[in-house]
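**Q** Chains as they are written, first to last, in our numbering: chain Y, 1 to 216; chain L, 1 to 327.
Be aware that a few hints might be false.
[To be verified] DMTMM-like, lysine to aspartate or glutamate: derived pairs with alpha carbons at most 25 Å apart:
{"hint": "1", "chain 1": "L", "residue 1": "Lys244", "chain 2": "Y", "residue 2": "Glu10"}
{"hint": "2", "chain 1": "L", "residue 1": "Lys265", "chain 2": "L", "residue 2": "Asp219"}
{"hint": "3", "chain 1": "L", "residue 1": "Lys314", "chain 2": "L", "residue 2": "Asp302"}
{"hint": "4", "chain 1": "Y", "residue 1": "Lys96", "chain 2": "Y", "residue 2": "Asp185"}
{"hint": "5", "chain 1": "L", "residue 1": "Lys265", "chain 2": "Y", "residue 2": "Glu45"}
{"hint": "6", "chain 1": "Y", "residue 1": "Lys96", "chain 2": "Y", "residue 2": "Asp178"}
{"hint": "7", "chain 1": "L", "residue 1": "Lys56", "chain 2": "L", "residue 2": "Asp29"}
{"hint": "8", "chain 1": "L", "residue 1": "Lys22", "chain 2": "L", "residue 2": "Asp123"}
{"hint": "9", "chain 1": "L", "residue 1": "Lys245", "chain 2": "L", "residue 2": "Asp321"}
{"hint": "10", "chain 1": "L", "residue 1": "Lys314", "chain 2": "Y", "residue 2": "Glu211"}
{"hint": "11", "chain 1": "L", "residue 1": "Lys244", "chain 2": "Y", "residue 2": "Glu93"}
{"hint": "12", "chain 1": "L", "residue 1": "Lys245", "chain 2": "Y", "residue 2": "Asp178"}
{"hint": "13", "chain 1": "Y", "residue 1": "Lys96", "chain 2": "Y", "residue 2": "Glu181"}
{"hint": "14", "chain 1": "L", "residue 1": "Lys314", "chain 2": "L", "residue 2": "Glu262"}
{"hint": "15", "chain 1": "L", "residue 1": "Lys208", "chain 2": "Y", "residue 2": "Glu45"}
{"hint": "16", "chain 1": "Y", "residue 1": "Lys112", "chain 2": "Y", "residue 2": "Glu181"}
{"hint": "17", "chain 1": "L", "residue 1": "Lys208", "chain 2": "Y", "residue 2": "Asp47"}
{"hint": "18", "chain 1": "L", "residue 1": "Lys245", "chain 2": "L", "residue 2": "Glu319"}
{"hint": "19", "chain 1": "Y", "residue 1": "Lys96", "chain 2": "Y", "residue 2": "Glu173"}
{"hint": "20", "chain 1": "L", "residue 1": "Lys244", "chain 2": "Y", "residue 2": "Asp47"}
{"hint": "21", "chain 1": "L", "residue 1": "Lys314", "chain 2": "Y", "residue 2": "Glu207"}
{"hint": "22", "chain 1": "Y", "residue 1": "Lys96", "chain 2": "L", "residue 2": "Asp29"}
{"hint": "23", "chain 1": "L", "residue 1": "Lys244", "chain 2": "Y", "residue 2": "Glu11"}
{"hint": "24", "chain 1": "L", "residue 1": "Lys314", "chain 2": "L", "residue 2": "Glu42"}
{"hint": "25", "chain 1": "L", "residue 1": "Lys245", "chain 2": "Y", "residue 2": "Glu11"}
{"hint": "26", "chain 1": "L", "residue 1": "Lys244", "chain 2": "Y", "residue 2": "Asp139"}
{"hint": "27", "chain 1": "L", "residue 1": "Lys265", "chain 2": "Y", "residue 2": "Asp47"}
{"hint": "28", "chain 1": "L", "residue 1": "Lys265", "chain 2": "L", "residue 2": "Glu319"}
{"hint": "29", "chain 1": "L", "residue 1": "Lys314", "chain 2": "L", "residue 2": "Asp29"}
{"hint": "30", "chain 1": "Y", "residue 1": "Lys96", "chain 2": "L", "residue 2": "Glu319"}
{"hint": "31", "chain 1": "Y", "residue 1": "Lys112", "chain 2": "Y", "residue 2": "Glu173"}
{"hint": "32", "chain 1": "L", "residue 1": "Lys245", "chain 2": "Y", "residue 2": "Glu93"}
[Unchecked claim] Derived contacts from chain Y toward chain L, CB cut-off under 8 Å, selection only:
{"hint": "33", "residue": "Val90"}
{"hint": "34", "residue": "Ser134"}
{"hint": "35", "residue": "Val163"}
Keep in mind the hints are simulated off the structure, nothing from the lab.
Every residue gets a Cβ at the ideal spot worked out from N, C-alpha and C, and that includes glycine.
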Amino acid sequence: MEEGVGVVNEEIWALGAESVILRVRRWGRTLIEKRRRAKPYLLPEIDSLLRRQRTNRECRMLNRVRRLGVRAPTVYAVDWSSYSILMDFVQGEQLKVIAQTCSDDDLMDLCKEFGRMLGLLHTGGVVHGDPTTSNIIVDPQRRLWLVDFGLAEWNATVEMMAVDLHLVRRTLETTHWDRQEIMLDAVLQGYWDQMASSADEILSRMEEIRERGRYH
Amino acid sequence: MCLGLEGTAHSFGAGVVTDDGKVLSNVWDMLSPREGGIHPREASRHHAELGPSIVKQAIEKAGVQPQDVDLIAFSRGPGLGPCLRVTATIARTLSLHLGVPLVGVNHCVAHVEIGCLESGFQDPVTVYVSGGNTQIIAFAGQRFRTFGETLDIAIGNMLDTLGREIGMRFPAGPTIEREARRGERYYQLPYSVKGMDLSYSGMLTAAKRLYQEGIPIPDICHSVQETAFGMLAEIAERAIAHTKKRELLLTGGVARNNRLTEILKGVAQRHSARFHRVSPPLAGDQGAMIAWTGILQFKAGDHLQVPESHVLPKWRTDEQDIIWRRG
Ligand SMILES: Nc1ncnc2c1ncn2[C@@H]1O[C@H](COP(=O)(O)OP(=O)(O)OP(=O)(O)O)[C@@H](O)[C@H]1O
Ligand SMILES: Nc1ncnc2c1ncn2[C@@H]1O[C@H](COP(=O)(O)OP(=O)(O)O)[C@@H](O)[C@H]1O
Ligand SMILES: [Mg+2]
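Please model the complete structure; the sequences and the hints are all you need to start from.
**A** Structure representation (structure tokens):
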């Protein structure tokens, strides 16, 4: 059995693309342990580099983004032998799931807040790197929390921020096709409220990126 | 039974498929481009010159008479305008001449549908990798949606460009695969995944630099494959984790690569998903996939009148309502 951050009582909470998310009891509290297990189908050199880099990045980013005013789990410990991060458990539901049932008004409020949070990150020079609705948790007080910072980067350029927005649009198109227009409008509204006129250049770059990878 | 014509880029193909999905024939010819990729005009001339005889061969090989064909399907897009127009012209002529309906098929959708026919998959995440495309496609809300794609160049194009640079003939994919098997050392290359999208241009530049520095070709090929396929595996994995689908389909010309296949098998296993690699004759660009998708489309009530059958060079995968699937 793989050892994590010395945890005994654990339950698999989610299987991510990169990691196993375990819900654990420790210090009388419920915490999350995100463990990046080895992937035997990848070249070991690449696999271990990615596991190390992403674990490192995620820890540093989780701390950094909270200082920018974005809600994200607090990190308590890291185990570099199993590439595990011990962090707060955020009680709530993925935005992806909530969006399937909530009212239009409710959804627009949530998306506006999502846009504002992205704006806060970008203002601080940080891009999330994987801003899908799976990586946003809505808590019982209807507050948004961002998770999954393994692909995040700092010293963000216009291009990097535009890619971030492009990815938001992509997730709305593929996963929320029935309400993608109102969701995108609300996200961009919230983003604009935060970024003001510096959003213009980023938004037009987003359109440009959309046209690029297209056939030939 | 349907005759399908494929001609979006440098290959022209014709295939005959029965209504219950038997591929009776599948004939194609590829114009091998000289230096610098595909020339749209040359490719369209190739299709115009060889098209009619390829169609004839397809019908003969199927062991049927032209009058047995009761549907004509053609690749309507996306692709190079001149190539699409030649193919459409041949299709319209056949449709009028035989007095049978005409159906316009999306090339990328056809790659997925022929893969589903071969594998028996109902609802896969598809990794479609070829000279011109790198896409992760899955069905959702009556459309095939592109969950991820390249932000710059396609994987096959990247391999072929690198190959040309290091003295390999076109297509370089198979040669790179062979060389990579002898590679021993891994040289780190830019690994660029953005959400479910990826980018290959930085890696290509760095790989060319390795060559200039005199790194042995097998090591370069090994490093390129492991990096490029690792990135692809990651976005495929993100799509599976996000959609929670239980089937993974690999198709397109680059699907011939055994190392890529092995990696994606591993991905499928980690997520308890079934895996299928489309067999080479059905994975590349060919007419059978157009014919089969044409049948599905026609049965669901979709066909074109000749005057409105103009080609769609920029037809995106997610722009067509998939009326023959439910979900
Ligand atoms: N064993 C292999 N390993 C890697 N790449 C391969 C292998 N065999 C073929 N390829 C690549 O596959 C590509 C050809 O793909 P395909 O036959 O689907 O044609 P295409 O015109 O590129 O397709 P499309 O129009 O769908 O984009 C070339 O780039 C070639 O190098
Ligand atoms: N701290 C947390 N609290 C509650 N749920 C979490 C937490 N971290 C992750 N999750 C859940 O687990 C899922 C996968 O975690 P994530 O960090 O996104 O992993 P991956 O990088 O593998 O995608 C998330 O979509 C989220 O629903
Ligand atoms: Mg995630």
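**Q** Next step is simple, just say for each hint if it's right about the structure.
**A** Status of the hints after comparison with the structure:
no. : hint                  : result
1   : L:Lys244 <-> Y:Glu10  : 23 Å, holds
2   : L:Lys265 <-> L:Asp219 : 24 Å, holds
3   : L:Lys314 <-> L:Asp302 : 20 Å, holds
4   : Y:Lys96 <-> Y:Asp185  : 17 Å, holds
5   : L:Lys265 <-> Y:Glu45  : 19 Å, holds
6   : Y:Lys96 <-> Y:Asp178  : 13 Å, holds
7   : L:Lys56 <-> L:Asp29   : 13 Å, holds
8   : L:Lys22 <-> L:Asp123  : 20 Å, holds
9   : L:Lys245 <-> L:Asp321 : 20 Å, holds
10  : L:Lys314 <-> Y:Glu211 : 10 Å, holds
11  : L:Lys244 <-> Y:Glu93  : 17 Å, holds
12  : L:Lys245 <-> Y:Asp178 : 20 Å, holds
13  : Y:Lys96 <-> Y:Glu181  : 15 Å, holds
14  : L:Lys314 <-> L:Glu262 : 33 Å, violated
15  : L:Lys208 <-> Y:Glu45  : 21 Å, holds
16  : Y:Lys112 <-> Y:Glu181 : 13 Å, holds
17  : L:Lys208 <-> Y:Asp47  : 23 Å, holds
18  : L:Lys245 <-> L:Glu319 : 22 Å, holds
19  : Y:Lys96 <-> Y:Glu173  : 12 Å, holds
20  : L:Lys244 <-> Y:Asp47  : 23 Å, holds
21  : L:Lys314 <-> Y:Glu207 : 16 Å, holds
22  : Y:Lys96 <-> L:Asp29   : 46 Å, violated
23  : L:Lys244 <-> Y:Glu11  : 20 Å, holds
24  : L:Lys314 <-> L:Glu42  : 20 Å, holds
25  : L:Lys245 <-> Y:Glu11  : 23 Å, holds
26  : L:Lys244 <-> Y:Asp139 : 23 Å, holds
27  : L:Lys265 <-> Y:Asp47  : 16 Å, holds
28  : L:Lys265 <-> L:Glu319 : 30 Å, violated
29  : L:Lys314 <-> L:Asp29  : 24 Å, holds
30  : Y:Lys96 <-> L:Glu319  : 23 Å, holds
31  : Y:Lys112 <-> Y:Glu173 : 17 Å, holds
32  : L:Lys245 <-> Y:Glu93  : 20 Å, holds
33  : Val90                 : 18 Å, violated
34  : Ser134                : 6 Å, holds
35  : Val163                : 5 Å, holds
When each numbered hint is compared with the structure, violations occur for hints 14, 22, 28 and 33.
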